[in-house]
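Based on the hints, put chain B in the right spot on chain A.
In order, the protein sequences belong to chains A and B.
Numbered per my numbering, the first sequence finishes at 407, counting up by one with no gaps.
Numbered per my numbering, the second sequence finishes at 1411, counting up by one with no gaps.
None of these hints come from the bench; they were simulated from the model.
Please note that a few of the clues may not be correct.
[What the hints assert, rightly or not] Which chain A residues face chain B? A few, computed with CB under 10 Å, are given here:
hint, residue
1, G18
2, K20
3, I31
4, Q38
5, R48
6, A54
7, V57
8, I60
9, A91
10, K283
11, E286
[Unchecked claim] As a list, the in silico BS3-like pairs of lysine-lysine whose alpha-carbon atoms are at most 27 Å apart:
hint, chain 1, residue 1, chain 2, residue 2
12, B, K1251, B, K1110
13, B, K1051, A, K331
14, B, K1355, A, K22
15, A, K138, A, K331
16, B, K1224, B, K1214
17, A, K146, A, K243
Backbone N, C-alpha and C define an ideal beta-carbon position, used for all residues, glycine too.
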Amino acid sequence: MPTHTNGGPGALNSIGVGLKRKVEADLAACIGCHECLQACPVAGPELRIADLNAATVGIIPPSDVIRRFVWECFQCGRCVPACPVGLERDAMVLWQKSNLYPRPKAYADQLRLMGGGGGVARRAEQSLLNLQARPRLKGLAQHVDKRTLRAADTLFFFGCNIFSETGTAAKVLALADYLGCNYEVLGGMRSCCGWPHLLSGDLARSEELMDHLFGRIQAAAPREVVTIGAECYTALKRLVAVKGEAFMPVTTASWIRRNLHRFPIKQVADPLTFHDACHISRKLDEGEEARRILRQFGYLIEMPQSGGNGVCCGYHQFEVNPAQVVHLRKKRLAMARQTGAGTMVVECVRCLEAFAPLADEAGVRVVDLVDLVHDAVKDDSRMKPQPVHFTSPITQGRKGPIPAEGA
Amino acid sequence: MRYCVVGLGAAAAQAIPAIRSRDPEGEITVFSEEPWPFYFRASLPQYVMGKLSREQLWGFPDGYLESLNVRRVTGRVVAVDKEARQVVTEDGSTVPYDRVLLGTGTSPIKLACPGADLGGVLALGRMGEADVLKGYCRAGGRAVVVGGGLPGLTLARMARAMGMACTLLVPEDRVGAPWLDARGSQVLYRRVADDGVEIRMGEGVAAIEGGQGKVAAVTTTHGKGIACSWVGVGLGGMPRTALAGVMTDDKPLKVNERMATDVAGVFAAGDVCCVWDGDAGTHRYTPGWQAASLQGRVAGANMAGGRERFRMRHSFLAATLYDLPLTFIGRADSAGDAEVCSPPQADAYRRLVFKDGRLVGAVILGDRRHANVIRRVIELGVNARGHELQLLRTDIDLNHLLRPTGEYHLY
Chain A
1 MPTHTNGGPG ALNSIGVGLK RKVEADLAAC IGCHECLQAC PVAGPELRIA
51 DLNAATVGII PPSDVIRRFV WECFQCGRCV PACPVGLERD AMVLWQKSNL
101 YPRPKAYADQ LRLMGGGGGV ARRAEQSLLN LQARPRLKGL AQHVDKRTLR
151 AADTLFFFGC NIFSETGTAA KVLALADYLG CNYEVLGGMR SCCGWPHLLS
201 GDLARSEELM DHLFGRIQAA APREVVTIGA ECYTALKRLV AVKGEAFMPV
251 TTASWIRRNL HRFPIKQVAD PLTFHDACHI SRKLDEGEEA RRILRQFGYL
301 IEMPQSGGNG VCCGYHQFEV NPAQVVHLRK KRLAMARQTG AGTMVVECVR
351 CLEAFAPLAD EAGVRVVDLV DLVHDAVKDD SRMKPQPVHF TSPITQGRKG
401 PIPAEGA
Chain B
1001 MRYCVVGLGA AAAQAIPAIR SRDPEGEITV FSEEPWPFYF RASLPQYVMG
1051 KLSREQLWGF PDGYLESLNV RRVTGRVVAV DKEARQVVTE DGSTVPYDRV
1101 LLGTGTSPIK LACPGADLGG VLALGRMGEA DVLKGYCRAG GRAVVVGGGL
1151 PGLTLARMAR AMGMACTLLV PEDRVGAPWL DARGSQVLYR RVADDGVEIR
1201 MGEGVAAIEG GQGKVAAVTT THGKGIACSW VGVGLGGMPR TALAGVMTDD
1251 KPLKVNERMA TDVAGVFAAG DVCCVWDGDA GTHRYTPGWQ AASLQGRVAG
1301 ANMAGGRERF RMRHSFLAAT LYDLPLTFIG RADSAGDAEV CSPPQADAYR
1351 RLVFKDGRLV GAVILGDRRH ANVIRRVIEL GVNARGHELQ LLRTDIDLNH
1401 LLRPTGEYHL Y
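Next comes chain A alone, as it looks inside the complex:
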């Protein structure tokens, strides 16, 4: 079995050590039933477990079919509950990602500027992007890669998502202002949580970024850290599990639900449906929080594939096969439309970014949970106007405009 990660040949980091042990044990237990591949949104019929297992342990070189599968896998985890003997195929594919070369250019392009460190040229490029984004970010710009954090009860950790064209970060802060919260904000490329790197197979870089993030969060000594991205939330959960419960990671859904009685909720006329974020609903089984809020807004209709059986937006394929993910997203939106609900609600900013450009064509409105609450309170006199329309440096090259609130 190969023993290096994309951090380069050499000693494994702690994530790699655990992953290697797990993958070795899981491969030995695989009974070849193919259920994982049948549950997979990207695996084709030409893929055989025997070949995949052999390539995972490195006893045969990966074929083109396997290479394509490994890089197209977006680590949604649908394969895990499908396994009759409780194995984690996604971890096996992650192991392959961490050992497979060369990495697709799309991965490098997407991850290039995420995270701190690196040479002078890279830091200069990040600074330039921050500078370019500043006019569009408006009020949020002050929080991008800022050096010092003041102590606060609540830390809004946006990481790279602070640049999201959806405007979710600004809206969350607007809600926090509305409530009069004592909060601090951590955002920008240099405070990336590292989870996208993990999902790409770059385990060493991922761990480095998570360690860095933990140190930064500790500086603010918050009681809770609220995130708008499902992957960021998972990274925070791992941090407190491994390093100690210095703070409590919180999704926006949990944060909103706790404060729901303080928002003037308005019932919406159309029924709603909910798209689960894989990392929250399937991997952490916390999809119920968002549903509880949605039931306050109106009638919630579930899609046939929801909860732990949800379908991924494919964001973390890093656009290796854009046609494939667009096809999957369209299928998901069609599923949402078939419920009869006019609005599909998400709770992760990445899901929103993935679906929003296709929403008009699909005839479904796609909004974040934060949007619903923001809409409910935006006309309230206590609400301050917030800038919510800008362009993300991460997604500059992406086609199709994403209409932002108030654009």
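Using the frame of chain A, we list chain B on its own:
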């Protein structure tokens, strides 16, 4: 160096690459009674039900064994001549060895009642048996399955999935024995009954009647006659030990942690053997595909001069029956000094056994959430005192129990 590998199951499949990676030049001969490549035996039910093709069962990439320069002999091995150091096959031919691995697995336990040799009395252990079963599984008929353990329940599920009526005779006092206690058994029982299987507890097969050499009906030990087109025997397996020279009874072969028997040059791995557990001071039988694979890997490495040890202190068995995931970790059957259980529900039940504040066994029915954390808590001997009830819950993150190890499990 000359290596012989008897059997081509999970243990052999791991042993062969392990030998070859350490000894590129040695002669490797593999003996298998079946003409097929190495295949995933545990997925035979899916093959019978038509969910998998035969080719999807192959466990190696095409041409892989050939690429390792392995000589394949199809035929039954009847003896291992430890004096002359040679393997003897059914046709009398011999193949010399320096090291031999016995990975013969188990064979299904047979019925010992009148009519047990009729056509249509079937077990599911090998591809050939699966092919026969495919022919018998036709919608409209009735199957009688005997055995309330996992093999019997699998056969019953298969019959129902193929559109047959099914009667399940359970000679034991509960379904899911010996893995499940009475409460867990209730959960599984309800699932089986809801699937339309007629369950007859405490009854076995007294006789099988037939005509023209084929099964026509079963008489149960309670005297009930049941017309059927086939009888499924799901009573489990026993070590396939009919190998003169090294194995003399039906008990598993004893091996040390290096998977070596006390006969020089003879190794064993998989369901045919039990492994010395130095900590417990006894040999332990750890059946199952995963243990066989890991043992095979260790045996192969040691046959080629390695010094590896098999150290799977805790058994792990997982399956899904009637859409109910079943997970058995460690020694839930053993007498711990404390245990906690969740109330049995239609789709979930958990039972955890503790000894000296440490978790030693777990039975998890339904949601497998945190099963991997629980497994590591058992394997690493984490002190779980004070967390006993927390371990029953699926709605809280248990990773903090593994904090000293730095491990983190998403599921």
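Query raised in the report: Tell me, which hint numbers fail for this structure?
Result: As far as the earlier hints go, 2, 15 are violated by this structure, in ascending order.
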